[in-house]
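> One letter stands for each residue in the lines below.
Protein chains: 2
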Amino acid sequence: MKIGILTIGNELTSGRIQDTNSSLIARAMQEQGWAVAGMISVGDDDDAIRAALAHLLARVDAVIVTGGLGPTADDITTAAVAKAFGLGLYSDPAVLAHIRARFEKFHLKWTENNAKQAVFPEGAEIIPNPNGTAAGFALRREGRIVAVIPGVPAEARRMLPEGVIPLLRKAFPEAALHVETFTFKLFGLPEAAVDEAMADADLAGLGVGIGFYPNFPENHLVLTARESSADVAAEKLREAGKRVEARLGKHIFATGEETLAGNVARWMTERKFTLAVAESCTGGLITDRLTDIPGSSAFLERGVVTYGNTAKTALLGVPEAVIREYGAVSAETARLMAEGVRKSAGTDLGLAVTGIAGPSGGTEAKPVGTVFIALACGETTVCRPYAFRWERRRNKVMASQAALLMLWRYLTGELRDDG
Amino acid sequence: MKIGILTIGNELTSGRIQDTNSSLIARAMQEQGWAVAGMISVGDDDDAIRAALAHLLARVDAVIVTGGLGPTADDITTAAVAKAFGLGLYSDPAVLAHIRARFEKFHLKWTENNAKQAVFPEGAEIIPNPNGTAAGFALRREGRIVAVIPGVPAEARRMLPEGVIPLLRKAFPEAALHVETFTFKLFGLPEAAVDEAMADADLAGLGVGIGFYPNFPENHLVLTARESSADVAAEKLREAGKRVEARLGKHIFATGEETLAGNVARWMTERKFTLAVAESCTGGLITDRLTDIPGSSAFLERGVVTYGNTAKTALLGVPEAVIREYGAVSAETARLMAEGVRKSAGTDLGLAVTGIAGPSGGTEAKPVGTVFIALACGETTVCRPYAFRWERRRNKVMASQAALLMLWRYLTGELRDDG
Numbered sequence: 004m005k006i007g008i009l010t011i012g013n014e015l016t017s018g019r020i021q022d023t024n025s026s027l028i029a030r031a032m033q034e035q036g037w038a039v040a041g042m043i044s045v046g047d048d049d050d051a052i053r054a055a056l057a058h059l060l061a062r063v064d065a066v067i068v069t070g071g072l073g074p075t076a077d078d079i080t081t082a083a084v085a086k087a088f089g090l091g092l093y094s095d096p097a098v099l100a101h102i103r104a105r106f107e108k109f110h111l112k113w114t115e116n117n118a119k120q121a122v123f124p125e126g127a128e129i130i131p132n133p134n135g136t137a138a139g140f141a142l143r144r145e146g147r148i149v150a151v152i153p154g155v156p157a158e159a160r161r162m163l164p165e166g167v168i169p170l171l172r173k174a175f176p177e178a179a180l181h182v183e184t185f186t187f188k189l190f191g192l193p194e195a196a197v198d199e200a201m202a203d204a205d206l207a208g209l210g211v212g213i214g215f216y217p218n219f220p221e222n223h224l225v226l227t228a229r230e231s232s233a234d235v236a237a238e239k240l241r242e243a244g245k246r247v248e249a250r251l252g253k254h255i256f257a258t259g260e261e262t263l264a265g266n267v268a269r270w271m272t273e274r275k276f277t278l279a280v281a282e283s284c285t286g287g288l289i290t291d292r293l294t295d296i297p298g299s300s301a302f303l304e305r306g307v308v309t310y311g312n313t314a315k316t317a318l319l320g321v322p323e324a325v326i327r328e329y330g331a332v333s334a335e336t337a338r339l340m341a342e343g344v345r346k347s348a349g350t351d352l353g354l355a356v357t358g359i360a361g362p363s364g365g366t367e368a369k370p371v372g373t374v375f376i377a378l379a380c381g382e383t384t385v386c387r388p389y390a391f392r393w394e395r396r397r398n399k400v401m402a403s404q405a406a407l408l409m410l411w412r413y414l415t416g417e418l419r420d421d422g
Numbered sequence: 004m005k006i007g008i009l010t011i012g013n014e015l016t017s018g019r020i021q022d023t024n025s026s027l028i029a030r031a032m033q034e035q036g037w038a039v040a041g042m043i044s045v046g047d048d049d050d051a052i053r054a055a056l057a058h059l060l061a062r063v064d065a066v067i068v069t070g071g072l073g074p075t076a077d078d079i080t081t082a083a084v085a086k087a088f089g090l091g092l093y094s095d096p097a098v099l100a101h102i103r104a105r106f107e108k109f110h111l112k113w114t115e116n117n118a119k120q121a122v123f124p125e126g127a128e129i130i131p132n133p134n135g136t137a138a139g140f141a142l143r144r145e146g147r148i149v150a151v152i153p154g155v156p157a158e159a160r161r162m163l164p165e166g167v168i169p170l171l172r173k174a175f176p177e178a179a180l181h182v183e184t185f186t187f188k189l190f191g192l193p194e195a196a197v198d199e200a201m202a203d204a205d206l207a208g209l210g211v212g213i214g215f216y217p218n219f220p221e222n223h224l225v226l227t228a229r230e231s232s233a234d235v236a237a238e239k240l241r242e243a244g245k246r247v248e249a250r251l252g253k254h255i256f257a258t259g260e261e262t263l264a265g266n267v268a269r270w271m272t273e274r275k276f277t278l279a280v281a282e283s284c285t286g287g288l289i290t291d292r293l294t295d296i297p298g299s300s301a302f303l304e305r306g307v308v309t310y311g312n313t314a315k316t317a318l319l320g321v322p323e324a325v326i327r328e329y330g331a332v333s334a335e336t337a338r339l340m341a342e343g344v345r346k347s348a349g350t351d352l353g354l355a356v357t358g359i360a361g362p363s364g365g366t367e368a369k370p371v372g373t374v375f376i377a378l379a380c381g382e383t384t385v386c387r388p389y390a391f392r393w394e395r396r397r398n399k400v401m402a403s404q405a406a407l408l409m410l411w412r413y414l415t416g417e418l419r420d421d422g
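So the sequence lines, in the order shown, correspond to chains B and A.
First residue of the first sequence: 4, per the numbering used here; consecutive thereafter.
First residue of the second sequence: 4, per the numbering used here; consecutive thereafter.
It should be emphasised that the hints constitute simulated quantities derived from the structure, not laboratory data.
Don't be surprised by glycine CBs; every beta carbon is placed ideally from N, CA and C.
There's no promise every hint is true.
Covered stretches of chain A, going by a simulated chain B footprint (3 or more residues, C-beta under 8 Å) [as the list claims (entries may be wrong)]:
id, stretch
1, 28-34
2, 49-61
3, 283-292
4, 395-409
Here are the simulated lysine to any residue pairs, SDA-like style, with alpha carbons at most 25 Å apart [what the hints assert, rightly or not]:
id, chain 1, residue 1, chain 2, residue 2
5, B, 346, A, 317
6, A, 253, A, 384
7, B, 119, A, 195
8, A, 275, B, 363
9, B, 86, A, 62
With the hints as constraints, model all of the structure from the sequences given.
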């Protein structure tokens, strides 16, 4: 089955807004096993919309359209699509009542132009919008389908799996396999290495697809099974997942919707562990990521950003002599920072990072990207050196990722004290 | 003049990579005053490329194509475009020598497929690539132009203004006005309020265009002047800029390529001010943003993330009684945090944030999004209450922005102690 995507809006063709819907829809289609033959963006222009629709309909089985369903005069998608199909327009009483009820619920002032959002081409199948006033619709013509949904990403993101995909699966039963996906999140492994590790896994023989999505600083590996029954798809996915874990297990830190910081936060909270963090080159990014997780105050007692050397001494008790002898960026300093922050905070764990983010500050012995990460666990302190090779921001992100990963490995019992 | 954009690559139609080139090019065209009539993305597929090119060429004066210029077998853009124009291919000796030199310079192993990047359609005009091996090219046909550049964003970003736009300006002299743009960065003002403030500025009468680009948590206002001489364009832009500053000056924190954190860092460094930061709800995001600026160690002595109340007391000397009486999220606590971190660090300034990021922790009196920001300047401490209404991450970003803005206003002498 072939799919076309048409996103509509002057904000796209003027470059004012980055179109994220095309990519979102393309990925969802890929997961269904449907090929995207083309994606077009045009402005709110009747002729351009019709020409783009005609171009796509000549090449695909279904076109998914987003944008231009708002109440204002420049939103013309419904009228343009109706015109392209030679259809008249009608007002749907149920949708109109839904919109009016939403206005009352949120105490919004009703203006007559909002009634426009209840207008559809004759014969359209309504696609409900649980998050907004702009309902979508679908039209069928000569075995082809055009499905139109709003351009607001939060609304499109929900209406796609709940409204559009079920509609397409029903309309094209030959394409209606049960599709299940499963995501592994990895760090520290380039695509070529993943390919190599997975070479003998024979997922293709199992009928499971594998996709690799770079997502700096992570890589996401997505398994897709398309089968005639949901049970078979799930079973194949479980088997494929085992093969991935056997080969890449130590690089996997999260699956599905989990995140690294989220997993760390969950384990810390469940086990009632407490943490203090001392950051130099990451500048607060580690605690920023941890505090993005709701409820992180349960385990994060404090963070200190010791950018100056005096702060390392005053707040963490790192002796000036150590900094002088080994340098602020050294394993010795990192260890003492981790132990110092743990002790002063009275927490179970102390995590510390010191390094050279760049662009300046590097030396021959310690070039830009040199980072030391230490975890003080009470009885022992583990410290690891890293050499990142990016610009400043990416070095910070890599260092924060490596630090959270060290913590995660400790929590899951996989961190070895080999230093 | 009308422009079409064609981005090519299976990574786009599979949703694996978000296409950012279309938006980048669309915005550059908008600034030139050229309308983008359509943007198409297709996979590395000969037929799809030719059909998309034909669709666009029927509607526009020039098509800008990105992607599919790599050395591997799946990169077929050059061959597909040549075929669409009925042209043969040739190998360009100068480009081949340039590619070989690059391989030698970076000590890369030469493989024969790299010679493919020196192959162009007959009669093509080469567009040099200063950042990579894939040169671009342009073809002319019946008064229309097709310009092809690589899909790597860093390369496209540079070749667009240096190669493609000059070529189009030369080819379409009627469109070759001098274009100058100027960007103002604002915070805390919705688009409607900007519209209202600018209503009597009559920039249209001056012949200067105004664009408004939301860039959470900031809004960017871009002025564009298109004139027959660069001097006239610059002069009109200066006059328009004055009118913007007169109306919106207090909301502007940066212009051009400047950033809020960068401006703060520059002023702090120039005036040899030192800073210490105490963060609760922002969790380290403020120091993270400041330490993104190279050289920030010159002014940032330390940051502390006092997520627990005991840390507020132990590290900042906020009396337990104050937290008990007024709450950890209160003006009283924010002031004492700012003063405490300033005193303990011995810095000129102390900046503190405490608040409720959400989703839980809100009360009727202090709902989610309640934030207090304080700046201790020595002789005085300024504290302001804020009420943000977003989810957790956006509340953190807004709070960090408001805090940096308070600091910026102090540095520029615009902060008033009214509370």
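> It remains to establish, for every hint, whether it holds in the given structure.
Taking the hints in turn, this is what the structure says about them:
| no. | hint | in the structure |
| --- | --- | --- |
| 1 | 28-34 | holds (count 6) |
| 2 | 49-61 | holds (count 4) |
| 3 | 283-292 | holds (count 8) |
| 4 | 395-409 | holds (count 3) |
| 5 | B:346 <-> A:317 | holds (13 Å) |
| 6 | A:253 <-> A:384 | holds (21 Å) |
| 7 | B:119 <-> A:195 | holds (22 Å) |
| 8 | A:275 <-> B:363 | holds (20 Å) |
| 9 | B:86 <-> A:62 | holds (20 Å) |
In terms of the numbered hints stated before, the structure departs from none.
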